[in-house]
Each structure stands twice: as C-alpha cells, then as structure tokens.
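*Asks:* Going down the list, the protein sequences come from chains A and B. To get the working numbering, take the position in the first sequence, counting from 1, and add 12. To get the working numbering, take the position in the second sequence, counting from 1, and add 12.
Rather than coming from a laboratory, the hints here were simulated on the basis of the structure. Be aware that a few hints might be false.
If you want the footprint, here are the derived chain A segments under chain B, 3+ residues with CB under 8 Å [said to hold, decoys possible]: (1) 48 to 56; (2) 211 to 218; (3) 241 to 255.
Each computed DSS-like pair below joins lysine-lysine, with the alpha-carbon atoms no more than 27 Å apart [claimed, not checked]: (4) A/Lys142 to A/Lys205; (5) B/Lys166 to A/Lys167; (6) B/Lys59 to A/Lys205; (7) A/Lys246 to B/Lys259; (8) A/Lys221 to B/Lys34.
Glycine is no exception: its CB is placed at the ideal position from the N, C-alpha and C atoms.
One-letter residues, chain by chain:
Protein chains: 2
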Amino acid sequence: MIIDSHSHVILPVDRHIDLMTKEGIDKTILFSTLVHPETASDYSEYKVEMTRLQKILRGKINPTDSRIKAINELKQIVKNYPDKFIGFGFCPIGLSLAQTDNWINEYVIGNSFKGIGEFTFGEGQVSKVKNVFKSVSSNDKYPLWFHTLYPLTKKDIKELLVLAKKYPNVIVILGHGAGSFWLETLEEIVNLKNVYFDISASFTTHSIKIASELIPERVLFSVDMPYGSPGVMKKIVDESVKDSAVKELILANNIKRLLEI
Amino acid sequence: MIIDSHSHVILPVDRHIDLMTKEGIDKTILFSTLVHPETASDYSEYKVEMTRLQKILRGKINPTDSRIKAINELKQIVKNYPDKFIGFGFCPIGLSLAQTDNWINEYVIGNSFKGIGEFTFGEGQVSKVKNVFKSVSSNDKYPLWFHTLYPLTKKDIKELLVLAKKYPNVIVILGHGAGSFWLETLEEIVNLKNVYFDISASFTTHSIKIASELIPERVLFSVDMPYGSPGVMKKIVDESVKDSAVKELILANNIKRLLEI
Numbered sequence: 013m014i015i016d017s018h019s020h021v022i023l024p025v026d027r028h029i030d031l032m033t034k035e036g037i038d039k040t041i042l043f044s045t046l047v048h049p050e051t052a053s054d055y056s057e058y059k060v061e062m063t064r065l066q067k068i069l070r071g072k073i074n075p076t077d078s079r080i081k082a083i084n085e086l087k088q089i090v091k092n093y094p095d096k097f098i099g100f101g102f103c104p105i106g107l108s109l110a111q112t113d114n115w116i117n118e119y120v121i122g123n124s125f126k127g128i129g130e131f132t133f134g135e136g137q138v139s140k141v142k143n144v145f146k147s148v149s150s151n152d153k154y155p156l157w158f159h160t161l162y163p164l165t166k167k168d169i170k171e172l173l174v175l176a177k178k179y180p181n182v183i184v185i186l187g188h189g190a191g192s193f194w195l196e197t198l199e200e201i202v203n204l205k206n207v208y209f210d211i212s213a214s215f216t217t218h219s220i221k222i223a224s225e226l227i228p229e230r231v232l233f234s235v236d237m238p239y240g241s242p243g244v245m246k247k248i249v250d251e252s253v254k255d256s257a258v259k260e261l262i263l264a265n266n267i268k269r270l271l272e273i
Numbered sequence: 013m014i015i016d017s018h019s020h021v022i023l024p025v026d027r028h029i030d031l032m033t034k035e036g037i038d039k040t041i042l043f044s045t046l047v048h049p050e051t052a053s054d055y056s057e058y059k060v061e062m063t064r065l066q067k068i069l070r071g072k073i074n075p076t077d078s079r080i081k082a083i084n085e086l087k088q089i090v091k092n093y094p095d096k097f098i099g100f101g102f103c104p105i106g107l108s109l110a111q112t113d114n115w116i117n118e119y120v121i122g123n124s125f126k127g128i129g130e131f132t133f134g135e136g137q138v139s140k141v142k143n144v145f146k147s148v149s150s151n152d153k154y155p156l157w158f159h160t161l162y163p164l165t166k167k168d169i170k171e172l173l174v175l176a177k178k179y180p181n182v183i184v185i186l187g188h189g190a191g192s193f194w195l196e197t198l199e200e201i202v203n204l205k206n207v208y209f210d211i212s213a214s215f216t217t218h219s220i221k222i223a224s225e226l227i228p229e230r231v232l233f234s235v236d237m238p239y240g241s242p243g244v245m246k247k248i249v250d251e252s253v254k255d256s257a258v259k260e261l262i263l264a265n266n267i268k269r270l271l272e273i
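Chain A with its partners taken away, still in its complex shape (with noise of 0.2 Å):
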C-alpha cells in the first residue's frame, strides 16, 4: 500500500486520480493550493500562475478570499472521493488565540480535514504560529504540516522544534525534511518523539537513507505534486530504503498510523 501523505489539490482531479491509479498510490492527503501550475502547458502559462501568487501572498489580490476559495475546492474533493483523499485544513499565522481556536473549529474540524497545514512562512516568523500550537495542544489530533525549505533558515527550524520541544503532545511534521538542514535537524528530532519527517523535495538520496536508520517510524513518503512526480518520488525510496519492514513504514503505515486511518 503506498499513501501519499502530502500533495496540492490538481485540477482536474480525474488527472490526478489517474496518476494515483497509474502509480499504484492508493489514498492522499491533500492540502490546499491557491495557484494551479499544473494547468500550465509551458513556461508562459507558469509564469502568469506564479505571479498571481506573488500578488495573493503580497495582499495584491485579497488573500482571504483566496484562501476560502482554495479551501471549498479541496473540501468539495474530498467529499466527493473519500475512499481517495483526505484532507489537511489552512490555518493562518499571527492570530489571537480565541481566532485561532474559532479558525480550526470552522474551517478545519467544521470540514472533517485530519491536520493542519501547510504553513509556509517567511524567515523570522515562527513566533507567529505559537497560537496554533497552544490551541491544538489541547486536541492532539491533529498534526501540524510545515514547510521547512527556503525561505525557512536553519534558526527558524530550530526555534520551530523548541516549539515542538515545549507542546510535546503536538505532532509536528517537517515538510520537505529541512532542507539544506536534513542532518543536524535529523540528529535533533531522534528524541523528539511529536516530530516526523516528510521526504518530499528531497534533494540527496542520503537524508532518506539516513531518516529511515534514526527515525523509521516517523519518516512520511510525499509527493508534493504537483511540484513533485510520485514516478520520482517511489524512485528515490526504492534507491535509498532497502528493509521492506521501513519501506511499508515509509510507504504507509507510518501515516496510517498517525492519522488513525
């Protein structure tokens, strides 16, 4: 069984149920997305994507409203194919603590998603998602999605895990296994029991070769399409994890597991 544990919403969605089937994936966890590069058939159409969410992401163009809208077309996913998908609600950073709690009661348990993210910051701003931790410490149910890659530094990544030092009972998943930073937050997170490693946009076959020797319980397999190709992704799993008990850990169950599903 192979569970992709985090991929963007692509449109259509019967392309992306193709490429689960073709590719033997057999359930995602699906995350939001405000922009579609898939859609795009060359670098021109790429290029109108991308600068449209430089403009949400700057206030150009309402971030809320994008945000809303993004979250309603992966909820309509979802409902429509359960047996296929399960979903990660958004959650923005810096509000007070009752916002935060009246945004995951609304938009994240009011929707059945499982999780929480992704949380896509600029470098400085970790300070900013205390509040999600404080409000979801008091249901553990729902894990947290970061994305640990640029412009995330390796200062933010550590104040990210005092964090996850500080609310022990909230699971922490460090999306795209920090990067740049894979050994030393690796080396940091063997007792760190709350945090995970998400393999997505992994750059050297060594960070998963290693994960899967310190932390094979908590290493999760991605995607991240549609940045990333599952083709690739089960590639790079078969190249760096050759115990086939770590592998089904990677693959699935690791997941399963910490999603109860």
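Add chain B to chain A, keeping to what the hints say.
*Replies:* Okay, now just chain B, sitting in the frame of chain A:
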C-alpha cells in the same frame, strides 16, 4: 548516450564503473572529493566522514594537503580509465592572479583536466573568484563549475551572474541549478549564453521542465554521486522532458559540445 556531467570520485572505483554500466552511463565528468561518505554503511560511519569534512573546511586538518591528495586520487583514476572518466580540477579561491594562474597551470592544465571546480564556498564570498574568471578568460577552454545550493544565497548567485556577464567568454556552470532560486535564475540566464544549468540535486521536476523549454542547449544532466543516484536522476529527466531531441541534448550532447569530447 548518457554522460553524467558531474559526480565525485567514489570508492572503490570498480563500484562506480559497475553502477555506470548498470545505469547505461557511458562517461562521467569526475570531480575530486575530500571525503568518501559512500564508504559509510550506516549513520555513525557517515557522521565520521562528515565530521572530517568539517575539520578540513575549518582548517583543523590541513586543507591544502587534503586537496592535493584528492586531486592526485582523481588524476590517477582518470589516467586508469580514460574511456570512462574526464576530470575537472579543483582550484582554491582568494589567491592572487599570479597564484591562480600558477595553480591552474599546474593542477588543471598539467593534469589534462577539462574544466575547473567544484567551487563551493560560504555566503558573501563570490568576489574571491574574480581572479579565476580573469585567469580563465584568456583561455576559454575551461568551464567553471559552481555549487549554487546552500550556503549560497540569492544575492551570491546574482553576483556570480554579474561576473558571468563581465566575462562572456568564460563558461559558467550553475551546479544544482541555483536551488530554490531556479526560476528567477533561469529567467536571468536566458540571454547569458555562457551560463549553463546543471540539474543535480533538483527538488522539483518543474525546474527541469522549464529549463529544458527556455535553454535546451544549456541544460546538463548530472548525478552528483555519491549524494545523488543515477536511477533517480534519469527518472527525473524522463518525467520532466518529453521531447526526445531535447532529452538527448541534456543527457549527453550539450556536455559533449561544451567539452569537445
């Protein structure tokens, strides 16, 4: 035909050649290495190699001796297997112009290497490679291969491109395709005909798709062994490049033309 345009010496050499044969790689452009993580069988042994690397980079183990030992290791392998390997020679940065000329004469031209690199340095040090550009500009036969992932920043990569613009007859290979800054870098080098885009360590198929659309004659396939896997890199090309003529350029013809091999 497939040419791996960037991998490091891995030991034993027979293992490298067996892997090339198995994966259908006809030739490898080989770079020296200070450490041999491929000989590690687990995390502890890997950590010993990486700690040794840190000691060399911080000068706790004599870096010049280590570099010359690594160059000699490379030279011997290229001499023993001239059909399989072509060497690129290491060159220190921050030397005077005369010292740089001497080094290139002795350790690059003297060893019949075909290019210079890998240049790997910290943030804010691009100005230290000026003399390498000056030295090579009088002899444009020697492409320069730069590591452009972390710790290089967006600003460093921009500075490197300023040098590439100033010395249009010097071939610059952006190793690892500028990492997180791949899109803006590709847009900037479309009209910089002396700048090439290396695909090793890529973390999204989008970068290779768009590079192969914008600058098909300047995209170079490489594995970056021991950090990358030939099977994974071939799969990335298969998934990203659908045009078979462009695929041939990327997998072999671009580097053949560049090095006249």
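*Asks:* Next step is simple, just say for each hint if it's right about the structure.
*Replies:* Structure-based check of each hint:
no.	hint	verdict
1	48 to 56	holds (count 3)
2	211 to 218	holds (count 6)
3	241 to 255	holds (count 8)
4	A/Lys142 to A/Lys205	holds (19 Å)
5	B/Lys166 to A/Lys167	holds (18 Å)
6	B/Lys59 to A/Lys205	holds (22 Å)
7	A/Lys246 to B/Lys259	holds (22 Å)
8	A/Lys221 to B/Lys34	holds (21 Å)
Of the numbered hints listed earlier, not one is contradicted by the structure.
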